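*Asks:* The chain contents come next:
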Amino acid sequence: MIVTTPPPDPARTPLTVSGAHGASRREPDGAYLDHAATTPMSAAALAAYVAEAQRTGNASSLHSAGRTSRRAVEEARETLAKSLGARPSEIILTSGGTEADNLAIKGIFWGRRAQDTHRTRILVSAVEHHAVLDPAFWLAGHAGAEIVLLPVDGEGRLDLDALRAELAAHADETALISVMWANNEVGTVQPVRDVVRAARPYGIPVHTDAVQAVGQIEVDFTESGVDAMTVSGHKLGGPVGVGALLAKRDLALDAVLHGGGQERGVRSGTLDTASIAAFGVAARHAVDCRPQRAARLAALRDDLVARVRAAAPDAVLRGPDPASDPAGRLPGNAHFTFPGAEGDSLLYLLDSAGVQASTGSACQAGVPQPSHVLLAMGVPEAEARGALRFTLGATSTESDVDRLVAALPQVVARAQAAGLVSGRAMGELA
Amino acid sequence: MRVLAAMSGGVDSAVAAALAVEAGHDVVGVHMALSRNRDQFRTGSRGCCSIEDAGDARRAADLLGIPYYVWDLSERFEDTVVADFLSEYEAGRTPNPCVRCNEHIKFEALLDKATALGFDAVATGHYAQIVTREIPLPDGGARTVRELHRSPNDAKDQSYVLAVAGPERLARAMFPLGGFASKDEVRAEAARRGLSVSAKPDSYDICFVADGDTRGFLQSRLGSRPGEVVDVAGEVVGEHDGAYAFTVGQRKGLGLGRPAADGRARYVVDVQPATNTVVVGPAELLSVDRIAGEKALWFEGVLPEPTPWAEPVETAAQAPDVTPDPDGWFDAEVQVRAHGAPVPARVRSVARVGDAYGDDVAEGDRPASSSATGVAAAGMEIELTGSPLRGVAAGQSVVVYRGTRVLGQATVARAWRSRNA
Numbered sequence: 018m019i020v021t022t023p024p025p026d027p028a029r030t031p032l033t034v035s036g037a038h039g040a041s042r043r044e045p046d047g048a049y050l051d052h053a054a055t056t057p058m059s060a061a062a063l064a065a066y067v068a069e070a071q072r073t074g075n076a077s078s079l080h081s082a083g084r085t086s087r088r089a090v091e092e093a094r095e096t097l098a099k100s101l102g103a104r105p106s107e108i109i110l111t112s113g114g115t116e117a118d119n120l121a122i123k124g125i126f127w128g129r130r131a132q133d134t135h136r137t138r139i140l141v142s143a144v145e146h147h148a149v150l151d152p153a154f155w156l157a158g159h160a161g162a163e164i165v166l167l168p169v170d171g172e173g174r175l176d177l178d179a180l181r182a183e184l185a186a187h188a189d190e191t192a193l194i195s196v197m198w199a200n201n202e203v204g205t206v207q208p209v210r211d212v213v214r215a216a217r218p219y220g221i222p223v224h225t226d227a228v229q230a231v232g233q234i235e236v237d238f239t240e241s242g243v244d245a246m247t248v249s250g251h252k253l254g255g256p257v258g259v260g261a262l263l264a265k266r267d268l269a270l271d272a273v274l275h276g277g278g279q280e281r282g283v284r285s286g287t288l289d290t291a292s293i294a295a296f297g298v299a300a301r302h303a304v305d306c307r308p309q310r311a312a313r314l315a316a317l318r319d320d321l322v323a324r325v326r327a328a329a330p331d332a333v334l335r336g337p338d339p340a341s342d343p344a345g346r347l348p349g350n351a352h353f354t355f356p357g358a359e360g361d362s363l364l365y366l367l368d369s370a371g372v373q374a375s376t377g378s379a380c381q382a383g384v385p386q387p388s389h390v391l392l393a394m395g396v397p398e399a400e401a402r403g404a405l406r407f408t409l410g411a412t413s414t415e416s417d418v419d420r421l422v423a424a425l426p427q428v429v430a431r432a433q434a435a436g437l438v439s440g441r442a443m444g445e446l447a
Numbered sequence: 187m188r189v190l191a192a193m194s195g196g197v198d199s200a201v202a203a204a205l206a207v208e209a210g211h212d213v214v215g216v217h218m219a220l221s222r223n224r225d226q227f228r229t230g231s232r233g234c235c236s237i238e239d240a241g242d243a244r245r246a247a248d249l250l251g252i253p254y255y256v257w258d259l260s261e262r263f264e265d266t267v268v269a270d271f272l273s274e275y276e277a278g279r280t281p282n283p284c285v286r287c288n289e290h291i292k293f294e295a296l297l298d299k300a301t302a303l304g305f306d307a308v309a310t311g312h313y314a315q316i317v318t319r320e321i322p323l324p325d326g327g328a329r330t331v332r333e334l335h336r337s338p339n340d341a342k343d344q345s346y347v348l349a350v351a352g353p354e355r356l357a358r359a360m361f362p363l364g365g366f367a368s369k370d371e372v373r374a375e376a377a378r379r380g381l382s383v384s385a386k387p388d389s390y391d392i393c394f395v396a397d398g399d400t401r402g403f404l405q406s407r408l409g410s411r412p413g414e415v416v417d418v419a420g421e422v423v424g425e426h427d428g429a430y431a432f433t434v435g436q437r438k439g440l441g442l443g444r445p446a447a448d449g450r451a452r453y454v455v456d457v458q459p460a461t462n463t464v465v466v467g468p469a470e471l472l473s474v475d476r477i478a479g480e481k482a483l484w485f486e487g488v489l490p491e492p493t494p495w496a497e498p499v500e501t502a503a504q505a506p507d508v509t510p511d512p513d514g515w516f517d518a519e520v521q522v523r524a525h526g527a528p529v530p531a532r533v534r535s536v537a538r539v540g541d542a543y544g545d546d547v548a549e550g551d552r553p554a555s556s557s558a559t560g561v562a563a564a565g566m567e568i569e570l571t572g573s574p575l576r577g578v579a580a581g582q583s584v585v586v587y588r589g590t591r592v593l594g595q596a597t598v599a600r601a602w603r604s605r606n607a
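Keeping their order, the protein sequence lines are chains A and B.
First residue of the first sequence: 18, per our numbering; consecutive thereafter.
First residue of the second sequence: 187, per our numbering; consecutive thereafter.
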């Protein structure tokens with residue numbers, strides 16, 4: 018969904034404000050409940066960014082300016098490795114989560130096919146982010162790949178039996194498996210370790226998109242056993258435009274970007290020292306603060322869920338219920354469908370009331386599409402259109418929830434009235 | 187007022203939104219996505235429907251400092267405008283999709299959703315004026331009626347395609363460009379505000395027919411249905427791939443192998459869907475002086491007396507300038523094409539189409555268009571009092587004017603020559 022607001026008044030936008038929660042980039046006005054889209058940069062990350070951005074130096078240059086940049090990059094790489102349970106040499110820095118997912122899907126597919134031309138099957142969960150699904154389907158259209166969408170249950174959790182059956186029948190033709198660590202829409206935590214256990218006997222590499230998980234739940238690359246893992250800077254308090262693919266050193270991985278041979282020759286391009294330095298600082302901060310922050314966010318989220326249910330009694334929580342399955346869901350995620358309402362009406366009305374949320378699903382030309390995640394969970398399309406995701410982060414407070422809950426009854430009533438006169442509702446009645 | 191500005195990405199709607207903002211309204215910009223599979227970039231003269239156009243609308247909203255949203259009305263558009271376009275051609279009629287879009291999308295789907303969400307009005311970049319007038323009541327009070335009038339910009343006037351929205355819906359519409367006398371003035375207003383769309387070309391094509399090839403679009407959606415082209419004597423003179431692709435008055439693209447016996451140009455004079463036959467004949471068969479309209483609507487203060495099919499306002503004092511004769515006829519002008527000229531006529535409201543005129547068709551004449559759909563809720567009868575019109579196709583909109591003021595609107599059910607013609 019495209020939501021455009023007037024540009025902020027520079028006079029009212031200080032460069033840095035060190036808030037109580039360690040965030041520095043100013044959070045948007047009102048109740049910002051869209052931290053899964055992007056979350057404010059931490060003060061320390063912004064300081065690291067500014068310090069490096071003021072320096073000149075290409076990390077690939079051999080002179081002293083280059084060495085200074087290289088040192089900042091390698092320190093960040095070591096910090097990232099430590100925070101994510103990986104070795105520094107396993108970290109391939111990218112321009113963000115989307116590039117890392119593309120590198121994983123295409124790079125592993127090409128690498129595996131070079132070893133064995135029969136390996137054309139790509140197994141992905143049906144609830145993957147488009148940054149995983151779209152490269153996979155691109156390979157199906159351009160490189161002879163066959164995509165197997167692994168089903169999920171009603172809460173969005175991977176059907177492991179389906180995966181095992183698929184592997185039992187087609188392991189020899191399978192190039193890779195990609196199952197996200199946690200879902201970006203409904204927050205469902207996937208059984209990644211079980212996926213690894215299922216794949217290991219066949220030697221099939223497993224990739225996981227952990228963009229939403231890092232900083233929310235414990236993520237340890239080595240311990241998880243996955244072969245490749247995507248992380249992103251701006252989802253954990255770093256800048257937009259930087260991320261990484263963690264890849265085991267023995268993984269067959271072809272390059273997507275060719276050029277100067279940076280990053281093991283797998284990802285060419287001049288390293289963005291400032292963003293990488295800030296990414297390292299932000300990741301360490303997010304991981305170090307995670308236990309306390311996650312507990313705080315889970316409590317705030319539980320409160321949000323209870324109060325949304327009270328304010329809008331017909332709202333349906335999608336994804337695992339944190340009351341019965343607290344570990345099954347990201348602590349900062351809540352997701353509802355509102356029967357009879359359309360997501361874009363809800364979004365507009367909440368925005369007007371100073372509450373910024375998301376429909377959670379991808380947009381096409383600015384138009385929210387019914388979420389493929391909800392459809393895969395078996396939610397009917399009409400109900401999927403009334404989806405709203407609320408995601409909490411470091412700067413979230415009880416007052417954000419207060420503002421949402423105060424606005425919600427009228428917002429839902431209005432959106433339901435609009436839904437009654439909209440084409441879809443009419444069509445459904447006819 | 188809370189105003190929703192419909193923003194296509196073109197210069198007109200951007201300036202309309204700007205004027206609504208400057209008038210002090212609380213404005214939100216909304217771009218309607220009317221197709222699920224939109225082109226990334228603008229092609230040809232289409233100026234509203236690509237992702238690039240949505241981006242232009244967003245930039246204009248940014249500049250105006252107003253929130254901006256995209257609303258997906260593609261299903262509704264397909265179910266109403268596109269479906270009507272196909273079924274009308276299939277029935278041998280000639281639809282006007284812009285009229286249907288105003289009827290079903292802009293002033294129904296968009297307007298109703300806007301109203302439900304708390305907006306007071308929808309502002310668009312149309313060239314037409316809404317004039318409010320006080321009508322005195324017998325008790326000394328007054329009643330405000332809203333009239334739709336032509337734009338002073340004759341070349342751009344869009345009252346013809348707006349009339350279908352009717353008075354109640356237009357009461358919630360706002361046309362900030364209504365007073366502009368030329369498009370150049372609007373472009374200048376856009377440039378003055380730094381709106382990047384100021385030099386964007388006008389759009390003319392049917393937005394959902396990608397390359398302007400209506401016949402190709404119809405064929406892709408309706409399939410090939412070969413049939414015969416006959417002359418008025420019934421002699422087969424050619425073949426076609428689907429009668430639906432022809433429209434009354436059409437001369438080009440008939441694909442007739444040999445010239446007419448008399449060597450004169452031939453035109454489509456009738457499309458007969460039941461037999462999948464296209465009838466061609468000389469130009470004079472296209473001349474009509476009688477039109478029967480269906481789905482008629484009347485603006486406030488026009489109809490003199492209450493009728494079961496059209497509720498007028500409650501007093502007899504409301505129609506000071508429309509004075510019907512005892513049979514209900516009154517003098518007006520009618521227009522049958524978006525860019526056609528109005529012609530003098532006498533007009534009346536009737537309960538249903540086809541009650542009158544049954545014996546008034548000139549002997550030996552084939553009706554120029556005969557594919558009436560039968561009974562409609564409210565009809566309109568029109569007798570042209572000046573020169574006849576050529577090529578009036580069933581399905582087109584007929585709009586009744588008195589000077590600049592729109593009195594009513596109907597869809598042409600049939601048009602024919604009377605004995606007097």
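Source of the hints: derived by calculation from the structure; they are not laboratory data.
Just so you know, these numbers come straight off a predicted model, no measurement behind them.
Don't take every hint at face value.
Have a look at the derived ranges for each label pair, beta carbon to beta carbon [to be verified]: (1) A:341 with B:277: 29 to 37 Å; (2) A:160 with B:410: 31 to 39 Å; (3) B:405 with A:333: 51 to 59 Å; (4) B:405 with A:158: 22 to 30 Å; (5) A:331 with B:330: 56 to 64 Å; (6) B:398 with A:91: 53 to 61 Å; (7) A:397 with B:460: 34 to 42 Å; (8) B:438 with A:158: 51 to 59 Å; (9) A:131 with B:399: 54 to 62 Å; (10) A:275 with B:365: 36 to 44 Å; (11) B:604 with A:356: 44 to 52 Å; (12) A:45 with B:385: 50 to 58 Å; (13) B:449 with A:158: 41 to 49 Å; (14) B:399 with A:77: 47 to 55 Å.
In silico contact screen, one side only, chain A against chain B (beta carbon under 7 Å); selected entries [stated by the list, open to error]: (15) 154; (16) 384; (17) 430; (18) 431; (19) 435; (20) 438; (21) 439.
From the three backbone atoms N, C-alpha and C, an ideal C-beta is built for every residue, glycine too.
*Asks:* Could one say that the CB atoms of residue 45 of chain A and residue 385 of chain B fall in the range 50 to 58 Å?
*Replies:* 34 Å, violated
*Asks:* Please check whether residue 405 of chain B and residue 158 of chain A have a Cβ separation lying inside 22 to 30 Å.
*Replies:* Holds, at about 28 Å.
*Asks:* 44 to 52 Å was suggested as the range; check whether the CB atoms of residue 604 of chain B and residue 356 of chain A agree with it.
*Replies:* 58 Å, violated
*Asks:* Does the Cβ pair residue 131 of chain A, residue 399 of chain B satisfy 54 to 62 Å?
*Replies:* 46 Å, violated
*Asks:* Interface hint check: residue 430 of chain A, Cβ to nearest Cβ on chain B, cutoff 7 Å. Holds or violated?
*Replies:* Result: violated, 10 Å to nearest chain B Cβ.
*Asks:* Does the hinted range 51 to 59 Å hold for residue 438 of chain B and residue 158 of chain A at CB?
*Replies:* 41 Å, violated
*Asks:* Do residue 399 of chain B and residue 77 of chain A keep their Cβ atoms within the hinted range of 47 to 55 Å?
*Replies:* This hint holds: roughly 54 Å between Cβ atoms.
*Asks:* Is the hint on residue 431 of chain A kept, meaning its closest Cβ partner in chain B is under 7 Å away?
*Replies:* At about 6 Å, which falls below the 7 Å cut-off, the nearest Cβ of chain B leaves the hint on residue 431 of chain A intact, so it holds.
*Asks:* Between residue 397 of chain A and residue 460 of chain B, is the Cβ distance one that fits in 34 to 42 Å?
*Replies:* 41 Å, holds
*Asks:* Hint residue 384 of chain A vs chain B: min CB-CB distance below 7 Å?
*Replies:* 4 Å, holds
*Asks:* Given residue 438 of chain A as an interface hint, is its Cβ closer than 7 Å to any Cβ of chain B?
*Replies:* 4 Å, holds
*Asks:* Can you let me know if the beta-carbon spacing of residue 160 of chain A and residue 410 of chain B is within 31 to 39 Å?
*Replies:* Since residue 160 of chain A and residue 410 of chain B have Cβ atoms about 37 Å apart, the given range 31 to 39 Å holds.
Hint check: violations occur at hints 1, 3, 5, 8, 9, 10, 11, 12, 13, 15 and 17; the rest are consistent with the structure.
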